[in-house]
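2 protein chains.
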Amino acid sequence: EGLRLPPYQLECNGEQSELTFEGSWPEVMLWEIPALAVLMELRSRAVLDGMGRFELQVLYARAMTRVWEKIERLRDAENLSIADFGTRRRHSFLWHDWCVQAMIEGLGNKFTGTSDWHEEHDGNLRIILPDTYGTKGFLDNAPDWLAGWTGIRIDSGGPAEGAEIAIDWWKSRGEDPRSKRVIFSDGLDVEQILDLSARFEGRVQASFGWGTLLTNDFRGLVPDDALAPFSLVCKAVSANGRPTVKLSDNPQKAMGPAAEIARYKRVFGVGRQDPIEVIV
Amino acid sequence: EGLRLPPYQLECNGEQSELTFEGSWPEVMLWEIPALAVLMELRSRAVLDGMGRFELQVLYARAMTRVWEKIERLRDAENLSIADFGTRRRHSFLWHDWCVQAMIEGLGNKFTGTSDWHEEHDGNLRIILPDTYGTKGFLDNAPDWLAGWTGIRIDSGGPAEGAEIAIDWWKSRGEDPRSKRVIFSDGLDVEQILDLSARFEGRVQASFGWGTLLTNDFRGLVPDDALAPFSLVCKAVSANGRPTVKLSDNPQKAMGPAAEIARYKRVFGVGRQDPIEVIV
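Order-wise, the sequence lines are chains A and B.
Under our numbering, the first residue of the first sequence carries the number 45, and numbering increases by one thereafter.
Under our numbering, the first residue of the second sequence carries the number 45, and numbering increases by one thereafter.
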């Protein structure tokens with residue numbers, strides 16, 4: 045209430061734009077969702093601008109068919125629990141709305157809504173998001189009370205491997221993984237959701253945060269693939285004048301000065317990491 | 045002006061309905077288009093009735109994509125001339141309108157409009173529609189002045205064969221086929237349009253009356269193929285108490301009492317006819 049997002053700085057250099065925000069962390073972090081959504085929608089609108097009326101209709105007809113066919117495949121699977129994590133990188137506001145409505149009609153209570161744990165859970169779902177400095181090292185060094193939390197997010201790296209690490213970790217701390225929740229949320233699409241769901245059935249409570257490939261799968265629908273989603277992120281780059289680092293479980297997603305990344309990897313005991321191509 | 049369609053009689057017998065009209069030929073013949081269009085749209089609405097909001101959207105998204113992909117294929121072909129002949133058996137009024145608008149945007153002046161020669165040509169385009177009693181016999185026995193007409197409709201039988209018969213006939217009557225028009229209009233779809241267009245390029249002016257598979261191609265889009273178009277026709281069954289007969293160039297499309305069909309075939313010198321499956 046009464047919150048205003050801190051001011052933004054936009055620098056455009058030819059085809060490159062740099063959008064930065066400065067402010068206190070609790071305020072400035074709220075920029076992430078609107079900033080990414082606005083950038084992506086501007087890109088979409090720029091591409092759509094030159095298209096004819098029927099070309100546009102058919103573009104959306106194809107995209108609708110694609111989303112619906114994904115939903116139809118998910119509908120047939122049992123014990124699914126899927127949330128919409130696609131706000132930030134959505135094709136557009138209206139398209140996002142269409143996708144959510146389609147999920148409601150198509151998936152019924154398998155669809156658990158759009159990511160809004162903040163309001164519903166008093167700001168704390170007690171879900172570990174461990175990949176910032178590497179999942180394995182984080183969990184190995186975590187205090188026992190963390191194993192009592194509800195679950196874990198698998199947001200980078202091989203998702204099955206990440207979940208196995210979490211399951212082993214819970215077991216090693218005397219917890220029953222079947223009472224724990226694993227939320228997969230890294231670049232998911234239908235195939236992976238179905239595979240992971242089948243693989244972890246009965247071993248852990250799996251749920252899925254389906255993002256960009258739900259709300260922005262326009263791959264292959266226009267020439268030069270000009271509407272394909274890309275890996276647009278909004279990250280803290282410095283705090284109190286010091287550069288920040290994110291390691292991730294996928295070295296392709298690491299961010300920060302190279303020397304700092306290397307130092308953090310050493311400090312946080314990050315072992316071998318396999319690079320995985322980042323699609324979205 | 046001031047015209048009223050003659051009254052109709054509708055008899056429903058379980059799943060069978062019989063819709064008949066009686067009146068003077070110039071009046072009663074005008075029933076054909078609205079009667080067929082209304083029946084087909086009632087069928088469509090009955091099938092759509094139980095569908096969900098997004099199922100409906102995606103059904104139309106798929107149908108739009110299909111029509112547009114057809115148009116895209118036609119767009120790349122040269123020297124095409126296509127008219128919309130799909131009013132009678134259209135999926136629905138609104139869908140027909142969409143298809144026509146899409147043709148306008150997609151095909152530009154390759155699309156020559158919806159069949160309305162009546163208004164534009166004072167009721168006489170001078171196009172022969174010879175298949176009622178068999179094309180071959182009709183042309184062989186036709187008076188020479190008929191070869192002076194603008195062109196011919198190929199509305200049943202093998203379309204390439206029919207056009208070859210017409211070309212040979214014009215030559216035999218001293219006419220240059222390259223100045224003549226052949227209008228193909230029997231159950232056309234893109235593949236056939238492109239094939240026939242290529243085959244007769246430079247030999248005759250080919251144009252295409254694209255009907256049911258333009259305005260009602262919902263094949264395979266709902267369970268049990270309940271929206272697939274079918275061969276719905278409206279024909280004169282008797283005149284002054286005597287049964288009427290249509291022979292067609294495809295014996296599958298012949299109509300009338302079997303004995304009368306046989307007699308007409310003999311009288312009009314219809315030779316061998318190959319049966320062709322009727323899709324629409």
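Incorrect hints may appear among the rest.
What the simulated footprint calls covered on chain B by chain A, stretch by stretch (three residues with Cβ under 8 Å from a Cβ of chain A suffice, anywhere in the stretch; the number is not a length) [what the hints assert, rightly or not]:
no., region
1, 101-111
2, 125-139
3, 144-157
Label-pair ranges, simulated between beta-carbon atoms [stated by the list, open to error]:
no., chain 1, residue 1, chain 2, residue 2, range
4, A, GLU62, B, VAL266, 46 to 54 Å
5, B, GLU116, A, SER275, 54 to 62 Å
6, A, GLU235, B, GLU116, 27 to 35 Å
7, B, ARG119, A, GLU62, 37 to 45 Å
8, B, GLU59, A, ASN153, 52 to 60 Å
No wet-lab data here; the hints were simulated from the structure.
Note that beta-carbon positions come from the ideal geometry of N, C-alpha and C, so glycine has one too.
For GLU116(B) and SER275(A), compare the CB-CB distance with the range 54 to 62 Å and indicate the outcome. Because 31 Å falls outside the window, the suggested range is violated.
Indicate whether the distance between the beta carbons of GLU59(B) and ASN153(A) respects the range 52 to 60 Å. violated, 38 Å
Can the suggested window of 46 to 54 Å be confirmed for the beta-carbon pair GLU62(A) and VAL266(B)? holds, 50 Å
Coverage claim, chain A over the region 144-157 of chain B, checked by counting residues with Cβ within 8 Å (three needed): holds (count 4)
Within the region 125-139 of chain B, is the number of residues with a Cβ closer than 8 Å to a Cβ of chain A three or more? violated (count 0)
Should the hint that ARG119(B) and GLU62(A) are 37 to 45 Å apart at their CB atoms be regarded as holding? Holds: the Cβ-Cβ distance is about 41 Å, inside 37 to 45 Å.
Do three or more residues of the region 101-111 of chain B come closer than 8 Å to chain A, measuring C-beta to C-beta? Result for this restraint: holds, n = 7.
Given the range 27 to 35 Å, decide if the beta-carbon distance of GLU235(A) to GLU116(B) lies inside it. At 29 Å between Cβs, range holds.
When held up to the earlier numbered hints, the structure conflicts with 2, 5 and 8 and fits the remainder.
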